[in-house]
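A.B. asks: Spelled out, the chains give:
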Amino acid sequence: MLKYIARRFVQLVPVLLGVSILVFVGIHLIPGDPAELMLGDKGTAEDLARLRHQLGLDQPIYIQYARFLAGAVQGDFGISIRTRQSAIWEIGQALPVTIQLSAAALLFAVVFGLAIGVFAARHPRSLADTGAMIGVLVGISMPVFWTGILLLLVFGGLLGWLPIGSLLDQGMAWHHVTGMPLVDGVFTGNWAVARSAAWHLVLPVVTLGLASMATIARMSRSTMLEVLGLDYVRTARAKGVVERRVVSRHALRNALLPVVTLVGLQLGLLLSGAVLTETIFALPGLGRLAITSILARDYPVVEGVVLIAAAIFVLANLLVDLLYAYLDPRIRYA
Amino acid sequence: MNVVQAVVPGARRRAAALSWRRLVRSPNLLIGCAVLVLVIGAAVFAGQIAPYNPIDEAFADQLKSPSWLHLFGTDEFGRDIFSRVLYGARIALGAGIVADGIAIVFGVFFGVVSGYFGGRVDAVIMRGVDVMLAFPYLLLAMIVVAILGPSLINAMIAIGVVYTPQFARLVRGAVLAIREQEFVEAARGLGGGAVRILGRHVLPNILSPIMVMTTLTVGFAIVETAGLSFLGLGASPPTPEWGSMLATGRSFMLTAPWIATFPGLAILVTVIGFNLVGDGLRDLLDPRLRGRGF
Chain A
1 MLKYIARRFV
11 QLVPVLLGVS
21 ILVFVGIHLI
31 PGDPAELMLG
41 DKGTAEDLAR
51 LRHQLGLDQP
61 IYIQYARFLA
71 GAVQGDFGIS
81 IRTRQSAIWE
91 IGQALPVTIQ
101 LSAAALLFAV
111 VFGLAIGVFA
121 ARHPRSLADT
131 GAMIGVLVGI
141 SMPVFWTGIL
151 LLLVFGGLLG
161 WLPIGSLLDQ
171 GMAWHHVTGM
181 PLVDGVFTGN
191 WAVARSAAWH
201 LVLPVVTLGL
211 ASMATIARMS
221 RSTMLEVLGL
231 DYVRTARAKG
241 VVERRVVSRH
251 ALRNALLPVV
261 TLVGLQLGLL
271 LSGAVLTETI
281 FALPGLGRLA
291 ITSILARDYP
301 VVEGVVLIAA
311 AIFVLANLLV
321 DLLYAYLDPR
331 IRYA
Chain R
335 MNVVQAVVPG
345 ARRRAAALSW
355 RRLVRSPNLL
365 IGCAVLVLVI
375 GAAVFAGQIA
385 PYNPIDEAFA
395 DQLKSPSWLH
405 LFGTDEFGRD
415 IFSRVLYGAR
425 IALGAGIVAD
435 GIAIVFGVFF
445 GVVSGYFGGR
455 VDAVIMRGVD
465 VMLAFPYLLL
475 AMIVVAILGP
485 SLINAMIAIG
495 VVYTPQFARL
505 VRGAVLAIRE
515 QEFVEAARGL
525 GGGAVRILGR
535 HVLPNILSPI
545 MVMTTLTVGF
555 AIVETAGLSF
565 LGLGASPPTP
575 EWGSMLATGR
585 SFMLTAPWIA
595 TFPGLAILVT
605 VIGFNLVGDG
615 LRDLLDPRLR
625 GRGF
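Just so you know, the protein sequences line up as chains A and R, in that order.
With this note's numbering as the guide, the letters of the first sequence map in order to residues 1 to 334.
With this note's numbering as the guide, the letters of the second sequence map in order to residues 335 to 628.
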C-alpha cells in the first residue's frame, strides 16, 4: 500500500506543474497590464516602468514563470491589486469558509444519498422508490443558483425559520482557530457561536449538496439492487441472516465501492457549486473571492485561488483513490 | 447491403422494429423527447407565441404578478416574463449547441488522435487532459471567460472548453477498444490510410458513446452557461437569458418571486428533458449500462 501511495504522489507532480503553467499562461493572456491596473490613472510613465520592473513584468516570460512558481511553492502570490493585502492572506481568510461549507455539503450528500438509495433498492418498483427516483431526477437537474434562491425565499423569507446569508448572527464574533466558525465554536466550547454557525450553514449546505445527494442516491440504488441479487446475498438469506444484517454487513460493503468513486467525482462539482452558493448566501469563501477578483481583474488573487483550488481538488481525488484502493485490494496490485 | 442483410432478408427492418419497440417501452425516453419537443418548439416559435417583445420596457406594468395578461408576470422594467422565458429558450439551446459543439469537435479530434496513434502523441494529449480535469470546472470556465472577456458567446465557449477533455477521454477509450479489432486490422492490411480508416471504420463505431455523452452534457452545459451569466460573466441585460434573469430576480425575491421562479423552472424542465433522453439513449445504445439510470 505504501508503494502505491508513493507512486500516486509522484504522479501528482507533473499534473500540478501543468496546472501552474496553464494558470500562469491563462492569467497572462487576460488583456490589461497588472502594473497599469495597480497604478490606476495616477501614475506617470516612469512610475509605470518602475512598477513593471519591481513586479518583474519586464523580464522574459520564462523567468516570470520561474519566479511565479518559486513564489507559489512558498505560498507567495504577490499583493492583491484590489485590497493591497497579500494575496495568500486573503485566500487564507476565505479558504476555511469554503472547506467548512463543502465538507458539510459532502457529508449531507453521502448520508442522505446513501439512505435514500438503500431504501429505494430495498423496495424496488414501490411507490416510495418511484417517488425517490423522481426526486433524484429533479435534484440532479436543479441548478444550484435556483435551489439557493428558492430555499432562501421559502425558509428564510416566507417561513422565517432559517437565517439568510452570512456566517453568524449579526454582531457575533468568534475566536479564530481554524477560521471555520462551526469547528472553532465547538473546539473553544463557545456553543452560542457553534449553534449560530450551524443554523447559518443549513441552507447553503442543502443548496450545495442537493445535486450530489441525488447522484449518490441514484448510484447507490442501482449498485445495491445489483448486489442484492447476487448469489452470496441469497446464501446469506438462506442461512437465516436477518434482512437488516444482510443489507448492512453483506450487501452495503460491496455496493459502496462505486459510490466512493462517485464521491471523488462530486468534489469538483462541490468546489464549483461553492462559487455559486457563496455568491447567493453572501459567504466570504474562496468561490466568492474568485469571482470578485476576476471581476476586479485582481490577478495575483485569481492565480492563487485557482492554483490552490486545483491542488485541493487533485489531492482530494487522490485521497478518494487511496480509500478505494484500501477498500478494494485488487486495485493496489493491478 | 451487409452480410447479415444478405443472409437474413428483412434483418434491417426487424432491427428497426426492435429499436422502435424499445423506444416505446422506455417511458423516460418518451417523456424526455416530449419535453424537448416543447422546449425546441418554444425556441423556434418564440416570435409567434410570445405576446410581447422580450426587451421592450413598459414602466406602467412594473412588477405585475402573473395574470391572464402576463402569464408569468412582469419584471422591474415591466417586461413580460413569459415572452422573455420563451426567447430565453433560444439562447439556452444555443448555449447547449455551441458549448457541446466545441467540446465534440475538439474532444473527438484529440481523443481519436490520442487513441489511434498512441505513443508520445497519446501521452502528451492525455497529460493535457489530466491537467484540465484537475481544475474545478467552473473555475476553469471563469478563467476562460476572463481571458476572452465576459459575454454570452464567450461563456458558451468557456463551457465548451471545460467539456472538451471529458469528450477526449471518452473517445480515446472507445478508439482504443476499436483499434485492435479485426475489421480495423483488415482495413489496415488492405492498405487503408489512417484518415480513411478513422473516418470509415473507427468513427462510425464510436458514435453511440459520443451521442449518449452529448445528450447527457447538453443539459449541464445549459445550466453552467446560465450559471456564468448568473455570476455576471455571461449574458448582460437586457438579453432574455435565463441565468441573468435569475440574477436580477434575486433582488426582488420577496416582493416579486415570479421574476426568478419562472426562468429557474424553465432551466429545470429543459435539463430534466435532456437528462431523460440521455439516460434513455444510454439504455438503448449500451445495454451493459441498462438500469444505471431510472
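Note that these hints are calculated values from the structure, not bench results.
Since the structure is predicted, the reported quantities are computational estimates derived from the model, not experimental observations.
Virtual Cβ for every residue (Gly too), placed ideally from N, Cα, C.
Don't take each hint at face value.
What the hints assert, rightly or not - Covered stretches of chain A (chain R as the covering partner; in silico rule of three or more C-beta atoms under 8 Å from a C-beta of chain R):
no. : region
1   : 23–30
2   : 95–109
3   : 276–282
A.B. asks: None of the hints should be skipped; say for each whether it holds.
C.D. replies: Comparing the hints with the structure gives:
1. 23–30: Coverage by chain R holds here, the residue count being 5 at a Cβ distance below 8 Å.
2. 95–109: It is violated: at least three residues are needed, and the region 95–109 of chain A offers just 0 whose Cβ sits closer than 8 Å to chain R.
3. 276–282: Since three or more residues must qualify, the claim that chain R covers the region 276–282 of chain A holds, with 3 doing so at under 8 Å.
Violated hints amount to a single one, hint 2; each of the other numbered hints is respected by the structure.
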